[in-house]
Amino acid sequence: MYGGGYIPAGVEETKAQAESPELLAQFEARITRGEKIEPRDWMPAVYRKQLIRMIEQHAHSEIIGALPEGTWITRAPGFRRKLALMAKVQDEVGHAQLLYSAAETLGKKREDMLNDLINGKSKYSNVFNYPAETWADVAVIGFLIDAAAIVNQVANSKGSYGPYCRALERICYEESFHLKQGHSVFVWLATGTPMQREMLQNALNRWWEPIMHFFGPSDTMSQHTETLMRWKVKMATNDVMRQQFLNIYVPKIWDLGLSLPDPELRKDESTGQWLFTEPNWDTFFKVINGDGPCSRERLAVRKVAEERGAWVRAALRRADARYATPLA
Amino acid sequence: MPILSLDPRVNRLQVEQVPEHQPPVLVPGDHWPSYQVFHQRRRGEKHSSVGIVHAPSLEMAMAMAKEQFGRRGETSNLWVVCTADVLEMDYADEEVFRTTPSKSYRDPAGYKVNEKIDAYKAKQTP
Amino acid sequence: MTNQPLPTAPLARYLLHLADDQLVMGHRNSEWTGLGPILEEDIAFSSIAQDQVGHALAFYEYLNQECGLADPDQTAFNRPESLMVSSWLVEQPIGDYAFSLVRHWCYDQAVYLRYESLSQIQDPALQALATKLRGEVKYHTFHANTWMKSLLQGSEESRLRMLTALKEVWPMALGLFESWSGEKALMEQVGHAGQPWYPGERHLQQHWQAGTLESLVLWSVDVEALGLHKVEPVLGGRQGYHSEHLASMLEEMTAVFRLDPQAEW
Chain W
2 MYGGGYIPAG VEETKAQAES PELLAQFEAR ITRGEKIEPR DWMPAVYRKQ LIRMIEQHAH
62 SEIIGALPEG TWITRAPGFR RKLALMAKVQ DEVGHAQLLY SAAETLGKKR EDMLNDLING
122 KSKYSNVFNY PAETWADVAV IGFLIDAAAI VNQVANSKGS YGPYCRALER ICYEESFHLK
182 QGHSVFVWLA TGTPMQREML QNALNRWWEP IMHFFGPSDT MSQHTETLMR WKVKMATNDV
242 MRQQFLNIYV PKIWDLGLSL PDPELRKDES TGQWLFTEPN WDTFFKVING DGPCSRERLA
302 VRKVAEERGA WVRAALRRAD ARYATPLA
Chain D
-17 MPILSLDPRV NRLQVEQVPE HQPPVLVPGD HWPSYQVFHQ RRRGEKHSSV GIVHAPSLEM
43 AMAMAKEQFG RRGETSNLWV VCTADVLEMD YADEEVFRTT PSKSYRDPAG YKVNEKIDAY
103 KAKQTP
Chain F
4 MTNQPLPTAP LARYLLHLAD DQLVMGHRNS EWTGLGPILE EDIAFSSIAQ DQVGHALAFY
64 EYLNQECGLA DPDQTAFNRP ESLMVSSWLV EQPIGDYAFS LVRHWCYDQA VYLRYESLSQ
124 IQDPALQALA TKLRGEVKYH TFHANTWMKS LLQGSEESRL RMLTALKEVW PMALGLFESW
184 SGEKALMEQV GHAGQPWYPG ERHLQQHWQA GTLESLVLWS VDVEALGLHK VEPVLGGRQG
244 YHSEHLASML EEMTAVFRLD PQAEW
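Protein chains in written order, with the working numbering: chain W, 2 to 329; chain D, -17 to 108; chain F, 4 to 268.
If we strip away everything but chain W, and leave its shape as in the complex, we get (with noise of 0.2 Å):
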């Protein structure tokens, strides 16, 4: 569902070529060969660490994001959409079980993922801590919000670790069908009664923001971030997604004829580029640290649904259970 989205690195670059230059130049030149890096392959701790953040991270984004959208599944207006909500919110339950099981793969348990979702120490897309305010917010996190994370997701999913690729592989074929349900919503609601375009103009000048966020600020082609991309562990650039993602879908909101709460964007045809208004980056990072509008509420829901589970999962934890780390 929510690929991870733009989420700041924070891991200190290690000097991977103190490890083995003779397996690091193994490693790299099977990257570059197009080959996957499988769990028990050697790879340098960067690369460990880097991957198990990342992965993990979407990991909570989709848990995470199952919560703003599932604000309104018990008032889905209808049968259509209130299945199709609830299979879409599911889906993002399952997306998280999926990446979980991968970030696994690479030796940290889930509890001590999930622990440190909940204490703040991992990190999420953003974009979830904001309110889905009224129904029309589900339609604008559906379309284009699940539109940003195919981007996003597209692009990991040609990385190098085999497990998160063939996890993606998965999911996007998912989110294409949250796509064309969140668009459906979108559009029926923009072509719609007065009360119903307007409630949708509302969410989308409400999250435009949080959306331009989502990407990240510009890349600043660090070495860290070219050892990243040589490792296939960074696909693309924020930028270029960013772009993409413009081009795609800025086009069909103006088709409906909504606007969009910013006056310097569109695109300049000479160069191919969107140009819009740079957003505050400096609200972005006071939210990813924990102050977003919703950002305790998600954590401690999150919490309450793991402690409220405890008693259902100690009852049938056995002394003689055989744990391994998964292969997947």
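Going by beta-carbon spacing under 10 Å, a handful of chain W positions derived as facing chain F:
{"id": "1", "residue": "Lys83"}
{"id": "2", "residue": "Ala88"}
{"id": "3", "residue": "Trp189"}
{"id": "4", "residue": "Thr192"}
{"id": "5", "residue": "Thr194"}
{"id": "6", "residue": "Gln197"}
None of these hints come from the bench; they were simulated from the model.
Since we're looking at a predicted model, the values are computed, not measured.
Backbone N, C-alpha and C fix where the C-beta goes; we use that ideal spot for every residue, glycine too.
Chains D and F: place on chain W using the hints.
Here is chains D and F on its own, set in the frame of chain W:
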């Protein structure tokens, strides 16, 4: 004070804010061990590895696998195996298989008879 | 709100019981999505909820096409509480997972029996529908049985929670089999095998009770000690009398739809 949410479900849960220094909520092993899932799309096809489920038993793992891996597309059959029971080959041993493609004596393409036949026929013509 | 009167024809009225029950049950069960005790079970329970809402839709569609009721969205999303004929069991809030599971177990066993008898009806469309839906409920009962057995035999705490839930659920589960006005007439309707297809609520209840009690005993539940034999059924749902929970549930369920019931959503 419970958090006030836009989601009526959340309000019914009466959720409190997470404290500043939240200790771990989940104990080790809390989410059960993992089971590898193998999925067969149609009869006659192979079962393929599709991922894992966390479950307390084989029976539960099967129930969960049906949901996670069978709710879309076609499914004919599923297998579940405890991850701890799977012996994984070491990728370092991959080189054992490196010369396999070049063992032409095991390969149908390694047996070309046309040249020999043609040469024989050529010899027969007076 | 559509104040269209409730159908009086016995079959239509009976199908409306099924439809309303599935709608409310599915809606309640969907409240667990994203909040379940573990990811894998969250996913499973959500499928059950979707099935139930889907079943409700199928019955409302039949009622719309064959029995003159308004279209499914109008019937489900625009009806006052006093005209809903769902049972008390399904409208209760989700409670803890023990409550929801025990309710799920009791409810889906009853639904299975109803679909089984409905698949004997003469009308080929309903016959086919009941047969198809029964397949899904089979999975529901499998799921419920697995969890009932596991948690009754799990830990001290899980057993206690499940037994508490059983005591709470049982009177309302009995209420699923409330007598209703068209019951006798429907019992005379002949099915495709030449026999009546609908055995009536008493018979369905006996069948249901025999099955559930047998399982409970097998799982070492002391049904005597729980007093399950002495319980009075909670009635009223089929007559349009509901607990205080249905009104607020419907209010929530229909909030967006009622912003403009004639709009296309």
